[in-house]
Amino acid sequence: MFRVCSAAVGALAALSGLPCAAQVTARRAVAIVGTWRLESVVDTLPGGSLYSWLGARPTGEIRYDATGHMAVQFMRDPRPTVRAGTAREATPQELRALYDGYYAYFGRYELNARGDSVAHFIHASLHPEEVGVVYRRAVRVDADRLFISLQFVDASDRLLHRRSLTFSRVR
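Numbering (this note's numbering), first residue to last: 1 to 171.
Take these hints with a grain of salt, some might be off.
What the hints assert, rightly or not - Distance windows between CB atoms, simulated:
#: 1; residue 1: R162; residue 2: P128; range: 23 to 29 Å
#: 2; residue 1: L126; residue 2: L160; range: 17 to 23 Å
#: 3; residue 1: Y51; residue 2: A155; range: 33 to 39 Å
#: 4; residue 1: P128; residue 2: A155; range: 19 to 25 Å
#: 5; residue 1: R63; residue 2: G85; range: 28 to 34 Å
#: 6; residue 1: V82; residue 2: V153; range: 34 to 40 Å
No lab work stands behind these hints: they were computed from the structure. Backbone N, C-alpha and C define an ideal beta-carbon position, used for all residues, glycine too.
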């Protein structure tokens, strides 16, 4: 998954104190590992207006482990409720609101060689059409914050909107 420096280049880098590309990539790979709590989701339309499809203060987490597995779960704010008290007794409209207010998938992940892009290989999802899909996201870790950004385009490759997600590391 990660490029490895030749022994000679690695030795020179170690002696010079300069990291080789593999050392930098490995540090970035280690930096993403962990559980991250969602702080914000901001969608930007082509005209510049902002909105959040999950409400003002959504709840969520994304997890990356050291073996290359990941999982994500998001919940809308405010969470839709069911008048009868349980999802089993919900009306069709309430079930739809519950479904629309939650998003989850899991699978494998890989960072690119530069460590600035992550691919999510979806094994299972709340949305069946996503199974087998690969999502590529721009990613950046800054200390205990994780920033993920992506673009949504239509079939003719026209930009529909951009999404920026900010997470904080769970300790």
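Results of checking the hints against the structure:
1. R162 x P128: 23 to 29 Å: 26 Å, holds
2. L126 x L160: 17 to 23 Å: 21 Å, holds
3. Y51 x A155: 33 to 39 Å: 23 Å, violated
4. P128 x A155: 19 to 25 Å: Cβ of P128 to Cβ of A155: about 20 Å, so the range 19 to 25 Å holds.
5. R63 x G85: 28 to 34 Å: Holds - the Cβ-Cβ distance for R63 and G85, about 30 Å, lies within 28 to 34 Å.
6. V82 x V153: 34 to 40 Å: Between V82 and V153, where Cβ atoms are some 35 Å apart, the hint holds.
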